[in-house]
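Enquirer: Residue-level listing of the chains:
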Amino acid sequence: MKEFQDPGTIQKIVLNARNVAIVGLSASELRASNFVGYYLQRHGYRVIPVNPNEEHVLGEPVYPSLRDVPERIDVVDVFRDPAAVPDIARESVEVGAGALWLQFGVISPEGAQIARDGGLAVVMDRCLKVEHARLLGRMHWMGFDTGVIAGSRQPS
Amino acid sequence: MNPTVAAFEERLANLEGGVGAVAFASGLAAQAGLFFALLDPGDRIAVAKALYGGSTAQLNHLARKLQITLDWVEMDDPDGWRRAVTAETKALFAETIANPGGNVLDIELAAAVAHEVGAPLVVDNTFATPYLCRPLEWGADLIVHSATKFLVGNGTTIAGAVVDSGTFDWSNGRFPSIAEPSTAYHGLKFHETFGVYGLLMKLRSETLRDFGAVLAPFNAFLLLLGMESLAVRMERHVSNALAVAEWLRGRPGVAAVRHPALPDSPYRPLVERYLPAGAGSVFSFDLESGREGGRRFIEALSLWSHLANVGDTKSLVIHPASTTHRQLSDEELVASGVAPGTVRLSVGLEDVDDLVWDLERGLQAARGSAVTA
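Chains as they are written, first to last, in my numbering: chain A, 1 to 156; chain B, 1 to 373.
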């Protein structure tokens, strides 16, 4: 698992990505996918919802699959049953996405390997919002160990 | 959330090697909060018998109020944990170093039993601090602290905390209060939503909200000051304590010294494994002169402070049979693990020669009382 939680890989994805396709983005405000998407929009990312059961989420048109997305995808962020991940990984490779990001509990070693073999950066069992907040210094507010140790307050 | 409290939480989590921490207004509040969050009626927890008296009393009350069952464990018995756990066991709980027996927990053994039944091992690491032992590195899942002791260092602050390793699988089917939708937080599934931070988020947004036992920012500030010198203080605490223990051993009028790092201590192998930098600075010894000798011993001391606290820069001493346990008969005392002549020391940072000079006067007074009794 640690090989798919490399801090350097996480940092590159969070700092360089612009277009994030969220697979399984829910229209319900109570679901983690919805508030992660909302948070990413607020922090300047372009969120591209992928979900065959929705039409508009967070003010964006929803695509039924990754293949239907007409733009470049930097990160495929997955909020789905782990069993669905291998197919999503294959599609991610096919559309030329830059990275496959599997959220908390979306654990699929098979899917991770497919994406890695296809040349994608892969992160597993981590939250894109949490990692963004960690790199921004906001995790300091929650009593979490950010791993960021500095003698002066970091800009946030 | 307050940034000063958060800084304390993050630093403690970092020292323990956890993913995060939640501070509480006291160690007992942290412990009550953790078990309140983890447990449902009908659950059981396996608890070491050698436990801080306040914890024993609290758990007995929680057991009645929450309809949970406590299975008490002889932590020195290698099969003790395994015999105590059942299919309903939701946590194992013990202290790294207990008192007055100086019992040292075999952390890897307890963690292995815990994980066999899908339960977390919770360790009270107050007496060791992460400077002497980091139980999460030996397989423990959660740490509770009374930060009132060595972490703040000088008795200025009451505080506590829970530290989470982030490695326990709360979705193993046994912890619906963390994995299933929370009725106390608009149906949020804490583990699914926050992953490794799930329990900490529940503790902060739900349990701390319900209990209200938040840590005051000024107390967090005092803790941050104290923790800056934790390493140098702990070095002096453990070297002073061992020097005092060695001096006491074989002294006239002293029946037994229970410091786990002494060569003849039964806990010596566990100390070498888990506490290589020292076995803390709280230990007990027995006077031959019993209850009355203990009282005279305490009254003759002038440098040691007569206090029930531990982990202060100043050396503290208490004689349970004439103070905290005075309502018990000699027989009841022995049953509770304390002899009539048992004295507990929390060795501070003073010059060890001064500490020993004062103890010598106490021992003389104790022997005198035995002669005249």
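Think of the hints as simulated: they come from the structure by calculation, not from any bench. Treat the hints loosely; a few may be bogus.
Calculated pairs, BS3-like style, for lysine-lysine (alpha carbon to alpha carbon, straight line, at most 27 Å) [what the hints assert, rightly or not]:
id, chain 1, residue 1, chain 2, residue 2
1, A, Lys2, A, Lys12
2, A, Lys12, A, Lys129
3, B, Lys65, B, Lys49
4, B, Lys49, A, Lys129
5, A, Lys2, B, Lys189
6, A, Lys129, A, Lys2
Quick list of the computed label-pair ranges, beta carbon to beta carbon [unchecked claim]:
id, chain 1, residue 1, chain 2, residue 2, range
7, B, Glu88, A, Gly147, 46 to 56 Å
8, A, Asn19, B, Asp79, 51 to 61 Å
9, B, Met1, A, Asn19, 44 to 54 Å
10, B, Pro78, A, Glu60, 55 to 65 Å
11, B, Gly118, A, Asn16, 53 to 63 Å
12, A, Phe35, B, Asp210, 43 to 53 Å
Chain A is nowhere near these chain B residues, computed Cβ spacing over 10 Å in every case [what the hints assert, rightly or not]:
id, residue
13, Gly20
14, Asp43
15, His191
16, Thr193
17, Pro217
18, Val317
19, Ser329
Beta carbons: idealized from backbone N, C-alpha and C, even for Gly.
Enquirer: Each of the hints needs a verdict: does it hold here or not?
Expert: How the hints compare with the structure:
Between Lys2(A) and Lys12(A) the alpha-carbon distance is near 17 Å, which keeps this suggested pair within the 27 Å criterion. A hinted pair counts as satisfied when its Cα atoms are at most 27 Å apart, and Lys12(A) with Lys129(A) qualifies at roughly 14 Å. Distance restraint check for Lys65(B) and Lys49(B): the Cα-Cα separation of roughly 20 Å lies within the 27 Å cut-off, and the hinted pair is therefore satisfied. For the hint linking Lys49(B) to Lys129(A), the alpha-carbon distance of about 43 Å lies beyond 27 Å, and the restraint is violated.
A hinted pair counts as satisfied when its Cα atoms are at most 27 Å apart, and Lys2(A) with Lys189(B) qualifies at roughly 24 Å. Proposed proximity of Lys129(A) and Lys2(A) is supported: the alpha carbons are some 19 Å apart, at most 27 Å. Between Glu88(B) and Gly147(A) the C-beta distance comes to about 37 Å, which lies outside the given range of 46 to 56 Å. Between Asn19(A) and Asp79(B) the beta carbons are some 58 Å apart, a value that agrees with the proposed interval 51 to 61 Å.
Between Met1(B) and Asn19(A) the beta carbons are some 32 Å apart, a value that contradicts the proposed interval 44 to 54 Å. At roughly 60 Å, the beta carbons of Pro78(B) and Glu60(A) sit within the given window of 55 to 65 Å. In this structure the supplied range 53 to 63 Å is violated for Gly118(B) paired with Asn16(A), their Cβ-Cβ distance being about 40 Å. Between Phe35(A) and Asp210(B) the beta carbons are some 23 Å apart, a value that contradicts the proposed interval 43 to 53 Å.
Gly20(B), annotated as away from the interface, has a beta carbon of chain A within 10 Å; the closest lies near 4 Å. Taking the minimum C-beta to C-beta distance to chain A, about 24 Å, the non-interface status of Asp43(B) holds against the 10 Å cut. A Cβ of chain A approaches the Cβ of His191(B) within 10 Å, the least distance being about 7 Å, so the stated non-interface status is violated. With a closest Cβ-Cβ approach of about 4 Å to chain A, Thr193(B) is found to fall inside the 10 Å limit, against its non-interface label.
Non-interface call for Pro217(B) relative to chain A: holds, since the shortest CB-CB distance, roughly 13 Å, exceeds 10 Å. Every CB of chain A lies more than 10 Å from the CB of Val317(B), the least distance being 35 Å, so the non-interface label holds. Consistency note on Ser329(B): stated as away from chain A, and its beta-carbon is indeed over 10 Å from all of that chain's, at 46 Å minimum.
The structure fails to meet hints 4, 7, 9, 11, 12, 13, 15 and 16 from the earlier list, while all remaining hints are met.
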